[in-house]
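Visitor: So you can see what is in the structure, the chains are spelled out below.
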Amino acid sequence: MTVKRLFKDPYNIIIAGVGGQGNVMASRMLSNILVHKGYNITIGETFGASQRGGSVMSHIRVSSLSSWSPQMPKGKADVVVTLEPIEAIRVLAGYGNPAVKVLTNTRAIYPAGVIAGNLSYPTFDEIRETLKKLSSRVWFIDATDEAVKLGNSILGNIIMIGALSTVDDLPVGRDDFKEILSRILPAEKMDDNLKAFDLGVAMMKK
Amino acid sequence: MSYLTDTKEGASYLVMGNEAIVRGALEAGVNVASGYPGTPSSEIIESLSTVARERNLYVEWSVNEKVALEVAAAASFSKLRSLCAMKQNGVNVASDFLLHLAGSGTRGGFVLVACDDPGALSSVNEGESRYFARLMEIPLLEPGTFQEAKDMTRWAFELSEELKQIVVVRSVTRMSHASGNITFGKLTDKKRIAEFKFDGLILDPDAGIVISVPVAWKHQQQQEKIKKAQEIFEDSPFNTYEGAENPDLLLVTSSACYLYSKEAIAVLGVEDRVGLLKIGTTWPLPPRLMAKHLSRTDRVMVVEEVLPFLEENLKILAAEKAAEIGIKTFYGKNDGTIPMTEELNPDLVIAALKTVMGIDYNSVPDEYTRAAQSSVVSSAPVREQVFCPGCPHRASFFSIHNALEMDGRKGFVCGDIGCYSMGIGATGFRSIKTLHSMGSGTGIASGFGKLGQFGMNQPILAVCGDSTFYHSVIPALVNAVHNRSNLTLVVLDNNGTAMTGFQPHPGLDCNVLGEAVPPIDIARICEAIGARVEIRDPFELENTRETLNELIEDASGVKVLIMRKACALSPQRKHKKDYTVYVDQDLCWGEKCGCGRFCTRIFGCPGLIWNEAKQKAEIDEVICTGCGVCADICPQGAIKREEAA
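Chains V and F, in that order, are what the protein sequence lines are. FYI, the working numbering numbers position 43 of the first sequence as 43, with every residue one higher than the one before it. FYI, the working numbering numbers position 258 of the second sequence as 1258, with every residue one higher than the one before it.
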């Protein structure tokens, strides 16, 4: 199979968030689509702490040539997708660069220190300004809020994947997504997931 | 059918490193697999269990790693192929039997997969299992890519059978838990019949009894096996070289560090100046092959995790071959070029290469880095790990903390390994004061509980999880009762090995294959050992606290309190809310209440949030699991719970 060369090789994607948000599932789904399309994929994931409110991050390296390290070098992210807004800032401090693009869910999950009142959580305006300053382009997506309307907050991760599919001509379309879904999900869950994906695509076109 | 049993040779799948190891074992025709759960190794046994019926395997979660190794050894002694998987700590546990096994030798192919955790991403240490290979005098292989994880595991069974010796495949977290696409090989259809032969001559390796005696003779046999392995490794395809014939620097590496090194060389664009030697057969090193590569250059850098295992073995070899290959300058752990703690990554290798090669490189403008880092400090509050919303351990530690405060004698908790290790931090109310290996909480408490004659008057508590109880607490409990120690053991029974993903343990009535099995009751074991036993629901806070205080005051010996409540993420509780919880905004007085924001500041469940604007507590509907415990801690009665429909 001849595989279309991406505009950058390896193309580096980071998906980040907080344990329990479906981060790992999102990175698997996206990566399976890309493998299906013939790309070499390496995923590096934060495990273990993932269900205990900690920050989690997946590095996805996409290449038409070879496999790469499961940890990407500093400053090498091409696109960052986060399921929680301050996690976007955290990721950029390690892997951002002036050309990076950022897609972030707007729904906050407060760290324990913030809930306890020992730390403060920035305002949305502060987050927006910071992310604008640290990226070439940033999109704010109300993914969790929309997912709650769909009846399941976890679908926020799929809305974000839908949104990501519109960036940088990634070879990820609705049909590819449907194909991978049909392999891993029971049929009754297909509709909601497809709706979430479409919603993500639509939200980017606004 | 799982894709792991796809019979199509050449099929390509995205797999986790652990799954690649599983596919390799299936291609080798593994018959028996055992282990004890531990991150990052757990998916190996889990994945094998999902294909057990289809491939006619026997798979079990054993009670601990030593027993797991013994179970798998029986299969090998019966000419079957067997695999045993565990994390680095598990190899320590299994090492007692491993030394004997290395002496007696094996029959059917026997592979020990040891998954180390450099950087302790999911551990409380970064122990190295590689040294066991040298200590036990058995061969060690380390995959450098996902494809190799599969191919090497498959080959390890052949090697083991050829040598009649157990072979170690060592993975690391970034190999086991990272994923990549690999190409599948052929699944074998070879059927094996289990038969244990024992009536041949005593020294007959195929038909005699299996024993490491006569020791000197067997030990010599063992060393001949390792020499044979060394000879085989000279031509191994798992040792590869990329780069110039005579590079400025030879980089020698193994494991996931190969991928970091490859990336660092590419980022710096020094492919023509730095030669990359990847070693898959790390112990024993093949001397002729190593000498050939060492001859290429005068400067050698070794990149590995965590301790300088490869580096030091290579240096011995270089000293022995010095007359032939000349004197080398080494860079690595011992001279500080590469850190000797924590896991590596491409950036650490880039930094080392920059220094050694004298290269100037900056991945992003300094100005950007400064701005990004100061933004983290100002706008991204640290996210510390906490007990999950609805976690029974938060409630248990809340009661333990309150009971100890009420007692007032500076009592403390000896901790153990599991989710509840977080009892050391804020969400466990900083109750845990010692934390070592599994089962050690009770063992250490057994010791503390004997210090009364030296004037110790502090109440002694130990905590352990249900899986840990079977793993290694039982002998410590026997010790404590028999020696009349005075302590209270709290068994945090959340109905499964929760930390690693709900693997079943001997307390449950079904095994990893989903078959009905006899559950072993913790309370009855403790009673049989001779301890006083109480059982409580940790969500019943007051009752639990009162019981704890009574047990702490009872100075008659060993008391056990079983706190029984399934984990919030367990199959029986996940996505099921017992209660709909809300904060009555009229009743919540916020800071004016005088409670000191007990719910959010002290209890600290992530399902509770503090609304800064309204100055009142709220429930985060997306996060709350509906356990309803917080309704009991609000002094104002503002947190309400209603039975969920």
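If you are wondering where the hints come from, they were derived from the structure by calculation, not from laboratory data. Any given hint could be a false lead.
[Said to hold, decoys possible] When the alpha-carbon atoms are kept at most 35 Å apart in a straight line, the in silico DSBU-like pairs for lysine-lysine are as follows: (1) F/Lys1315 with V/Lys74; (2) V/Lys149 with F/Lys1328; (3) F/Lys1079 with V/Lys178; (4) V/Lys206 with V/Lys178; (5) V/Lys206 with F/Lys1410; (6) V/Lys74 with F/Lys1577; (7) V/Lys178 with F/Lys1640; (8) V/Lys195 with F/Lys1228; (9) F/Lys1292 with F/Lys1228; (10) F/Lys1008 with V/Lys189; (11) V/Lys101 with F/Lys1354; (12) V/Lys101 with V/Lys178; (13) V/Lys178 with F/Lys1197; (14) V/Lys133 with F/Lys1354; (15) V/Lys195 with V/Lys101; (16) V/Lys101 with V/Lys4; (17) V/Lys133 with F/Lys1614; (18) F/Lys1577 with V/Lys189; (19) F/Lys1292 with V/Lys149; (20) V/Lys8 with F/Lys1079; (21) V/Lys195 with F/Lys1574; (22) F/Lys1218 with V/Lys8; (23) F/Lys1008 with V/Lys37; (24) V/Lys189 with V/Lys205; (25) V/Lys74 with V/Lys205; (26) V/Lys195 with F/Lys1577; (27) F/Lys1321 with V/Lys189; (28) F/Lys1354 with V/Lys4; (29) V/Lys149 with F/Lys1008; (30) F/Lys1218 with V/Lys132; (31) F/Lys1197 with F/Lys1227; (32) F/Lys1079 with F/Lys1292; (33) V/Lys132 with F/Lys1576; (34) V/Lys149 with F/Lys1574; (35) F/Lys1186 with V/Lys4; (36) F/Lys1227 with V/Lys74; (37) F/Lys1292 with V/Lys4; (38) V/Lys4 with V/Lys195.
Visitor: Against each hint, give a clear statement of whether it holds in the structure.
Guide: So, going through the hints one by one against the coordinates:
1. F/Lys1315 with V/Lys74: Measuring from Cα to Cα gives roughly 32 Å; hence the hint holds.
2. V/Lys149 with F/Lys1328: violated, 66 Å
3. F/Lys1079 with V/Lys178: violated, 46 Å
4. V/Lys206 with V/Lys178: holds, 23 Å
5. V/Lys206 with F/Lys1410: violated, 61 Å
6. V/Lys74 with F/Lys1577: At roughly 42 Å apart (the allowed maximum being 35 Å), lysine 1577 of chain F and lysine 74 of chain V break the hint.
7. V/Lys178 with F/Lys1640: violated, 42 Å
8. V/Lys195 with F/Lys1228: Since the Cα atoms of lysine 195 of chain V and lysine 1228 of chain F sit roughly 61 Å apart, the hinted pair is violated (cutoff 35 Å).
9. F/Lys1292 with F/Lys1228: holds, 20 Å
10. F/Lys1008 with V/Lys189: Satisfied, since the Cα-Cα distance of roughly 29 Å is no more than 35 Å.
11. V/Lys101 with F/Lys1354: holds, 29 Å
12. V/Lys101 with V/Lys178: holds, 26 Å
13. V/Lys178 with F/Lys1197: violated, 55 Å
14. V/Lys133 with F/Lys1354: Holds. Lysine 133 of chain V to lysine 1354 of chain F sits at ~30 Å (cutoff 35 Å).
15. V/Lys195 with V/Lys101: Holds: lysine 195 of chain V and lysine 101 of chain V sit about 24 Å apart, inside 35 Å.
16. V/Lys101 with V/Lys4: holds, 21 Å
17. V/Lys133 with F/Lys1614: Given pair lysine 133 of chain V, lysine 1614 of chain F holds - Cα atoms ~31 Å apart, limit 35 Å.
18. F/Lys1577 with V/Lys189: Within the cut-off at roughly 21 Å; holds.
19. F/Lys1292 with V/Lys149: Distance ~66 Å between lysine 1292 of chain F and lysine 149 of chain V Cα, so the pair is violated.
20. V/Lys8 with F/Lys1079: violated, 51 Å
21. V/Lys195 with F/Lys1574: The given pair, whose Cα atoms are some 24 Å apart, holds under the 35 Å limit.
22. F/Lys1218 with V/Lys8: violated, 58 Å
23. F/Lys1008 with V/Lys37: holds, 19 Å
24. V/Lys189 with V/Lys205: The hint holds at about 25 Å.
25. V/Lys74 with V/Lys205: Holds, because 31 Å separates the two Cα atoms, which is no more than 35 Å.
26. V/Lys195 with F/Lys1577: holds, 26 Å
27. F/Lys1321 with V/Lys189: Cα-Cα ~64 Å, so violated.
28. F/Lys1354 with V/Lys4: holds, 34 Å
29. V/Lys149 with F/Lys1008: Roughly 43 Å separates the two Cα atoms, so the pair is violated.
30. F/Lys1218 with V/Lys132: violated, 69 Å
31. F/Lys1197 with F/Lys1227: It holds: about 27 Å lies between the C-alpha atoms, which stays within 35 Å.
32. F/Lys1079 with F/Lys1292: violated, 38 Å
33. V/Lys132 with F/Lys1576: Not OK: lysine 132 of chain V and lysine 1576 of chain F at ~40 Å, beyond 35 Å, violated.
34. V/Lys149 with F/Lys1574: With Cα atoms ~21 Å apart, lysine 149 of chain V and lysine 1574 of chain F stay inside 35 Å; holds.
35. F/Lys1186 with V/Lys4: Holds: lysine 1186 of chain F and lysine 4 of chain V sit about 30 Å apart, inside 35 Å.
36. F/Lys1227 with V/Lys74: Distance of about 43 Å is beyond 35 Å: violated.
37. F/Lys1292 with V/Lys4: Violated, at about 40 Å.
38. V/Lys4 with V/Lys195: holds, 28 Å
Violated hints, listed in ascending order, are 2, 3, 5, 6, 7, 8, 13, 19, 20, 22, 27, 29, 30, 32, 33, 36, 37; each of the other numbered hints is respected by the structure.
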